[in-house]
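Chains as they are written, first to last, in this note's numbering: chain D, 1 to 405; chain E, 1 to 282.
Honestly, I wouldn't trust all of these hints.
[Stated by the list, open to error] In silico lysine-lysine, BS3-like type, Cα no more than 27 Å apart, as pairs:
{"no.": "1", "chain 1": "E", "residue 1": "K88", "chain 2": "D", "residue 2": "K306"}
{"no.": "2", "chain 1": "D", "residue 1": "K114", "chain 2": "E", "residue 2": "K173"}
{"no.": "3", "chain 1": "E", "residue 1": "K233", "chain 2": "E", "residue 2": "K282"}
{"no.": "4", "chain 1": "D", "residue 1": "K110", "chain 2": "E", "residue 2": "K169"}
{"no.": "5", "chain 1": "E", "residue 1": "K173", "chain 2": "D", "residue 2": "K43"}
[As the list claims (entries may be wrong)] Here are some chain D residues the structure puts well away from chain E; computed CB gaps all over 12 Å:
{"no.": "6", "residue": "N7"}
{"no.": "7", "residue": "E29"}
{"no.": "8", "residue": "A50"}
{"no.": "9", "residue": "Y70"}
{"no.": "10", "residue": "T115"}
{"no.": "11", "residue": "R116"}
{"no.": "12", "residue": "I305"}
{"no.": "13", "residue": "E342"}
{"no.": "14", "residue": "D379"}
{"no.": "15", "residue": "A400"}
[Unchecked claim] Pairwise CB distance ranges (calculated):
{"no.": "16", "chain 1": "E", "residue 1": "P172", "chain 2": "D", "residue 2": "F395", "range": "51 to 57 Å"}
{"no.": "17", "chain 1": "E", "residue 1": "G155", "chain 2": "D", "residue 2": "Q40", "range": "55 to 61 Å"}
{"no.": "18", "chain 1": "E", "residue 1": "K173", "chain 2": "D", "residue 2": "L405", "range": "53 to 59 Å"}
{"no.": "19", "chain 1": "D", "residue 1": "K168", "chain 2": "E", "residue 2": "T224", "range": "26 to 32 Å"}
Derived from the structure by calculation, the hints contain no laboratory data. Because the structure is a prediction, the values reported are computed rather than measured. We treat Cβ as the ideally placed atom computed from N, Cα and C, and that holds for glycine.
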Amino acid sequence: MTSSAPNSFRALPDPDGHFGNFGGRFVAETLMPLILDLEQAYKDAKADPAFKKEMDYYLRHYVGRENPLYFAERLSNHLGGAKIYFKREDLNHTGAHKINNCIGQILLAKRMGKTRIIAETGAGQHGVATATVCARFGLPCTVYMGSKDIERQSPNVFRMKLLGAEVKPVVSGSNSLKDAMNEALRDWVTNVEDTFYIIGTAAGPHPYPELVRDFQSVIGNEAREQIMEAEGRLPDQVVAAVGGGSNAIGLFHPFLDDKGVEVVGVEAAGHGVHTGNHAASLSAGRPGVLHGNRTYLLMDDDGQIKEADSISAGLDYPGIGPEHSWLKDIGRARYEPITDKEALEAFKLCSELEGIIPALECSHAIAQIMKEAPKMGKDKIIVMCLSGRGDKDIFTVAEALGVEL
Amino acid sequence: MSDAIIGGQDRIAKRFAKLKEEGRAGLVTFITAGDPDPETSFEILKQLPDAGADIIELGMPFTDPMADGPAIQEASIRALDAGMHMRKTLSIVRGFRDEDHETPIILMGYYNPIYIYGVAEFLEDARNAGVDGLIVVDLPPEEDPELCIPTVEKGLSFIRLTTPTSDDKRLPKLVQNTSGFVYYVSVAGVTGAGSASNEQITEAMGRLRRHTDLPIAVGFGIKTAEQAADVAKQADAAVVGSAIVSKIAESLDENGKATDKTASMVTGLVSELANGVRNARK
Numbered sequence: 001m002t003s004s005a006p007n008s009f010r011a012l013p014d015p016d017g018h019f020g021n022f023g024g025r026f027v028a029e030t031l032m033p034l035i036l037d038l039e040q041a042y043k044d045a046k047a048d049p050a051f052k053k054e055m056d057y058y059l060r061h062y063v064g065r066e067n068p069l070y071f072a073e074r075l076s077n078h079l080g081g082a083k084i085y086f087k088r089e090d091l092n093h094t095g096a097h098k099i100n101n102c103i104g105q106i107l108l109a110k111r112m113g114k115t116r117i118i119a120e121t122g123a124g125q126h127g128v129a130t131a132t133v134c135a136r137f138g139l140p141c142t143v144y145m146g147s148k149d150i151e152r153q154s155p156n157v158f159r160m161k162l163l164g165a166e167v168k169p170v171v172s173g174s175n176s177l178k179d180a181m182n183e184a185l186r187d188w189v190t191n192v193e194d195t196f197y198i199i200g201t202a203a204g205p206h207p208y209p210e211l212v213r214d215f216q217s218v219i220g221n222e223a224r225e226q227i228m229e230a231e232g233r234l235p236d237q238v239v240a241a242v243g244g245g246s247n248a249i250g251l252f253h254p255f256l257d258d259k260g261v262e263v264v265g266v267e268a269a270g271h272g273v274h275t276g277n278h279a280a281s282l283s284a285g286r287p288g289v290l291h292g293n294r295t296y297l298l299m300d301d302d303g304q305i306k307e308a309d310s311i312s313a314g315l316d317y318p319g320i321g322p323e324h325s326w327l328k329d330i331g332r333a334r335y336e337p338i339t340d341k342e343a344l345e346a347f348k349l350c351s352e353l354e355g356i357i358p359a360l361e362c363s364h365a366i367a368q369i370m371k372e373a374p375k376m377g378k379d380k381i382i383v384m385c386l387s388g389r390g391d392k393d394i395f396t397v398a399e400a401l402g403v404e405l
Numbered sequence: 001m002s003d004a005i006i007g008g009q010d011r012i013a014k015r016f017a018k019l020k021e022e023g024r025a026g027l028v029t030f031i032t033a034g035d036p037d038p039e040t041s042f043e044i045l046k047q048l049p050d051a052g053a054d055i056i057e058l059g060m061p062f063t064d065p066m067a068d069g070p071a072i073q074e075a076s077i078r079a080l081d082a083g084m085h086m087r088k089t090l091s092i093v094r095g096f097r098d099e100d101h102e103t104p105i106i107l108m109g110y111y112n113p114i115y116i117y118g119v120a121e122f123l124e125d126a127r128n129a130g131v132d133g134l135i136v137v138d139l140p141p142e143e144d145p146e147l148c149i150p151t152v153e154k155g156l157s158f159i160r161l162t163t164p165t166s167d168d169k170r171l172p173k174l175v176q177n178t179s180g181f182v183y184y185v186s187v188a189g190v191t192g193a194g195s196a197s198n199e200q201i202t203e204a205m206g207r208l209r210r211h212t213d214l215p216i217a218v219g220f221g222i223k224t225a226e227q228a229a230d231v232a233k234q235a236d237a238a239v240v241g242s243a244i245v246s247k248i249a250e251s252l253d254e255n256g257k258a259t260d261k262t263a264s265m266v267t268g269l270v271s272e273l274a275n276g277v278r279n280a281r282k
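Here chain D stands alone, though its shape is the one from the complex (with noise of 0.2 Å):
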């Protein structure tokens, strides 16, 4: 790593989708031309004003954007510490973060004459949000959901049939997202002519981290100019759960030139990083090449990746998206560990104090935030994503607590 700090931390990826030795393209050659295809794309809609007014339009009035950023004032009191501010993406349609992307991603599918849509799913949120969207703009749509997450998530596998979808269930691999994501590279390897694939995280090959990070930066950009208006000042941190990075790196990016702002990532530590069993690919993994980008990943001396384990079925992943991979080795934002006890325990709290069910994924973020935020004075400011509503996970939490629903 060069030792000077570059003059932007939001200039990358580069034009070959790299940022830093992170990101890049890394896929099979059937796909390489539905790749570049995708680029030129998407340079396109950025460029073109009729785009924007058109994301602008549904983001506003089907999304219901923009949301609030809300003073999660009995929680800041109960902590003693910084006031924390939550940016409620849960609101949005669909309960979560994800529809921010999809919609974008749909546009461009549509752009470009696509006739159907596949996707990925772990907790079954981006699965939702495209299920959604196909409704919406009238293409048939195939969800790859791992056989294990499919029995966690009911809910939201019932909710994708609702919607149109078609739920494949995958039984390769470790059953959940990891193996979900190849699932649907061997559709699309197989379905070039028509097919869009709408990957759900900022992750995968160029350029998909950019174009997921772009759709998903309206969080950090509207927390951003509420933050101003409720404080007359920027956050000294701002915090979100990683599992592929969406949410997160949506909520960094608008920061990231922002000197004094701090920038924690969150990770599932499962069962804790030190048993193995946990989903921490930046606090315990190297860089490796899998799923079309370079980026940390779980693996064994061999290569060969390991499965993630973690109670969000949505961090239930052994990779992360590239960015956030320089974004740590740049030192720029820091990624704690976060255990599914400590997030279940988180939600609780929030549930109790504020009368907000936050997602698993997102109460590992809340946890971090009880372990930081009472050292933090009463001055600090801290912006939290709360990337998902927890309706999804109440089977899940309740059978982690032992109740018999």
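Start from chain D and add chain E according to the hints.
Relative to the frame of chain D, chain E by itself:
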């Protein structure tokens, strides 16, 4: 310099020159290293040339083979479950090369295990083991500095996959930096799925010939001697993978272990395929 470390490009070129002399196409067979276990896999490998394989592709097992269909995915899992890893794969090649100095061996797989091994060290060890070339599915020309260029500099071939999506605009980039032969993946899809028609292959061969003088091997979806023969009428070689690997799966006992039929079921199919290929142009 011993035979074992003849530059890989030579062995491949010699093999295609010999095929040309014989006026026939070659048969390229794929098995996954370590499938169903390292010892059986080594036994199968050693018997492939006599059964009629002209070139051998040896799969490097990987947990996430996202361009492969179920047959080769399962082969990878069987191999990994049996304790296969990259160093053992290379030692199997070394063992093969001790006895066979002529049949080219191409390692095929995904980049991460090579990247983690270390590119320079991997190429050194692969060359010393007697590997002739590499096919790495997830390294398009856009990523050539990663492995393709170091491979060619080391005197090994980097064999590129070309596909139905490789048009006249894309092909020049694909044949650049490649050597040994060009592998035409005849259908857009994963390994073991449907096959292309003769007309589609004719069209694709014409397109490829406009861009390269290298031999062209055609694969994907070839399961029978008849299909292999059809391809061998037009291409310089026919590649068969999933069908062979499926024979291994069929031969296993109820616990997934090799039986005394495992090797013979594989060589039986390879002999049939070789007959098809060898008689195709008669």
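Each hint, compared with the structure:
Proposed proximity of K88 of chain E and K306 of chain D is supported: the alpha carbons are some 20 Å apart, at most 27 Å. Under the criterion of a C-alpha separation no larger than 27 Å, the hint pairing K114 of chain D with K173 of chain E is consistent with the structure, at around 26 Å. Of the pairs offered as hints, the one joining K233 of chain E and K282 of chain E holds, with about 9 Å between alpha carbons and a cut-off of 27 Å not exceeded. Between the alpha carbons of K110 of chain D and K169 of chain E the distance comes to roughly 25 Å, so the proposed pair stays at or under 27 Å and holds.
As the CA atoms of K173 of chain E and K43 of chain D are separated by approximately 22 Å, the hinted pair is consistent with the 27 Å bound. Separation of N7 of chain D from chain E is adequate, the least Cβ-Cβ distance of about 25 Å exceeding the 12 Å criterion. For E29 of chain D, the condition that its CB be more than 12 Å from all CB atoms of chain E is violated, with the nearest at approximately 5 Å. The Cβ of A50 of chain D sits about 28 Å from the closest Cβ of chain E, beyond the 12 Å cut-off, so the non-interface label holds.
With a least CB separation of 40 Å from chain E, Y70 of chain D remains clear of the 12 Å interface cut-off, as annotated. For T115 of chain D, the shortest C-beta to C-beta distance to chain E comes to about 16 Å, beyond the 12 Å cut-off, and the non-interface label holds. At the 12 Å boundary, the C-beta of R116 of chain D stays outside the reach of chain E, the nearest C-beta of that chain being 14 Å off. Non-interface call for I305 of chain D relative to chain E: violated, since the shortest CB-CB distance, roughly 5 Å, does not exceed 12 Å.
Residue placement check: E342 of chain D keeps its beta carbon more than 12 Å from all beta carbons of chain E (closest about 29 Å). With a cut of 12 Å on Cβ distances, D379 of chain D stays outside the contact zone with chain E, its closest approach being about 47 Å. A400 of chain D, annotated as away from the interface, keeps every beta carbon of chain E farther than 12 Å; the closest lies near 28 Å. Against the hinted window of 51 to 57 Å, the Cβ-Cβ separation of P172 of chain E and F395 of chain D comes to about 55 Å, which satisfies the hint.
Against the hinted window of 55 to 61 Å, the Cβ-Cβ separation of G155 of chain E and Q40 of chain D comes to about 37 Å, which falls outside the hint. Taking the beta carbon of each, K173 of chain E and L405 of chain D are about 57 Å apart, inside 53 to 59 Å as hinted. Here the CB-CB span from K168 of chain D to T224 of chain E is close to 29 Å, well matched to the stated 26 to 32 Å.
Consistency with the previously given hints fails for numbers 7, 12, 17, ordered from lowest to highest.
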